[in-house]
Amino acid sequence: MQKKALILSVTCKPARACGHGHNPGMNTPLLSVEHLVKRYGDATVVNDLSFHIEPGECLGVIGPNGAGKTTTLRMCLGLSQPSSGEIRYFDGLQMPGDALAIKARLGVVAQSDTLDPDFTAEENLLVFGRYFGIPDAVIRERIPQLLEFGALSHKAKAKPGELSGGMKRRLSLSRALINHPQLLMLDEPTTGLDPQARHLMWERLQVLLQEGKSILLTTHFMDEAERLCGRLLVLDQGRKIAEGAPRDLIAEHLEPDVVEVFGQGAVPLAQEANLKSLSGRVEVSGETVFFYTQDSRALMHALEAWPTLRTLHRPSNLEDLFLKLTGRQIREEG
Amino acid sequence: MSQIQNNIWAAPRLSMRWWPVFLRNWLVWKKLAIPSLVGNIAEPLMWLVAFGYGMGALIGQVEMGGEKVPYILFLASGSICMSAMNAATFEALYSAFSRMHVQKTWDGIMNAPVRLDDVVLAEMLWAAFKALFSVTAILLVMLALGISHSWKLLVAWPVLLGVGITFSCMALIFNALAKGYDFFTYYFTLFLTPMMFLSGIFFPREQLPAFVRVIADWLPLSVAVDLVRPMFLDRWPEEPVRLMGVLAAFAGVSFWVALALTRKRFRS
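Residue numbers (this note's numbering), protein chains in the order written: chain A, 1 to 334; chain B, 1 to 268.
Because the hints were derived from the structure by calculation, they are not lab data. Some hints could be false.
Said to hold, decoys possible - Straight-line distance between alpha carbons at most 25 angstroms, and here's what the computed DMTMM-like set of lysine to aspartate or glutamate pairs gives:
1. K104(B) / D98(A)
2. K159(A) / E188(A)
3. K31(B) / E123(A)
4. K152(B) / E239(B)
5. K264(B) / D113(A)
6. K157(A) / D113(A)
7. K104(B) / E122(A)
8. K264(B) / E86(A)
Let's have the full structure, built from the sequences with the hints guiding it.
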């Protein structure tokens, strides 16, 4: 219970009322997924997955390729039929039965842009707003604000083909806001963007969170997950393998510091008794040895005995956690 | 609930949400209307001029229901149905496939509160509208050329919209099955092209061997020609109810199959 309280306090923005605890009934989750399963033939792609999103929260879903992130999101959007399990939104609306009522209150940014290449940025927003049944006059009034939010005011008349990758993503995000959604579903919103564009996207998402919107986000970037998400869901092979606030997860699963050692003759150090005793865990990947330690000072001192080797001393991070939980092997299938 | 959702053959669930999707296509097309107009009427007119005037001079008159008519009139009244078929088919195959598969426009639309059924309906009606547009332009040229001046052409006009609807429904079946544009070649070479020659557009179906006629008479394009051609000759079609019924059946069954296969495609 104490852990949950901590998680929530990280989740909340200081500006808003915090500490509402986790008593059921006090906060109806915006989205609540129970025992979700998706099978394709013999393969189980999503396996007994349960999670929820609180109002005002940013929940990150991370996992290697093929972990079931996109399939989960597609089921939550009613685009794919669950083999079993329940997906509930807002005040008891059920996916897929109440799909239209739910989508009227959702904002979605898919992994690949679905902007209309034949329309200008403005027209993209107008046409998309019509799908929600919003009158033209109301949409036209909202378009300048949405373009401004996306830092695209100067590109109102530009077609997607004339926009950079970051601009397209921001236009997709602006488009998803046309119906004032309570909950945003973002599938890898910054994949393929350069650092500047990524930072601008993060900044926009922070603004939305401060406005009280809730976000479900899948990502491959651990710094993105750590920066934006109050709570993380780690998936692997369709199962939830960890859940919690980023810092808590790191503290729970890892030593606070990492020393990476590389160079000629680094690998045999993994067997060195003295170094092993100073480390909680030792890992070899390729030509690099990773020492996870509580006492980095003593370890660094011990490593001075090998002056030709190069070392990198840093705090352990979400990426270390991710690799510890899901392994280092490449997942290029799926 | 989920049982109903799972069944791809469930009855179509349609609403007025098709309209903004139709409007979207209209807005794109408005930007490209002039080149598209040229493409849509230039080819049918070339057929008409080359075959109508060229072949027409060799053939002279064609007998139709006891009456001799100029070949160009015979050809024009049949080829207008072919134009409706082609315009609807191209739109419901290549253009719809681009929107559905290549540009992922449908995926974007379905993130808004619009059901797949309504998207398919919008595409169907849009392709039929494109057919009506081509047909209208060609009819105007035919009127200008003085090929026919019957007031019954005003009735033929909505009938041609019906022809567009039928062929657009049929094409959407193949759209739902396609993995790429190449797949549509099968539909054209195995289905549309033979039908073009068997439906009495270029020569009366009476010329066909009896066993071929048994099938040819029931082809949707033959039915369309049987409905439209008499009106060019200032007559009413024989058995209009049966003919309209056949077209409506082709359209209804095709739409249902197209919808089921599209649902299956999107369900994975």
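Hint check against the structure, violated hint numbers in rising order: Violated: none.
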